Amino acid sequence: MEPDEFAHHVGWTVSRTGFGSRRYRDPRFDQLSVPQRVTEEVS
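Under our numbering, think of the first position of the sequence shown as 150, with each following residue one higher.
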């Protein structure tokens, strides 16, 4: 199985950046959110 075929099979996006190079992106990383900062309580 070719790398591009595998990437499309698992749902990754493939962008061709020039001279035959490619950039693969897993869209699951777009779903991650930055955790909210926890404020400290001083008692």
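No lab work stands behind these hints: they were computed from the structure.
Computed from a predicted model, the values in this text were never measured in an experiment.
Built from N, CA and C at the ideal position, the CB exists for glycine as well.
Any given hint could turn out to be false.
[Unchecked claim] For each label pair, taking beta carbons as the anchor points, the in silico distance ranges come out as: (1) Val191 to His157: 46 to 56 Å; (2) Ser182 to Met150: 30 to 40 Å; (3) Gln185 to Met150: 32 to 42 Å; (4) Ser164 to Val191: 47 to 57 Å; (5) Gln180 to Glu154: 19 to 29 Å; (6) Glu151 to Gln185: 40 to 50 Å; (7) Glu154 to Arg177: 12 to 22 Å; (8) Val163 to Val191: 15 to 25 Å; (9) Gln180 to Asp153: 34 to 44 Å; (10) Glu189 to Trp161: 33 to 43 Å.
Inset, instruction - May I ask which of the numbered hints given earlier this structure violates, with the numbers listed in increasing order? - result: 8, 9
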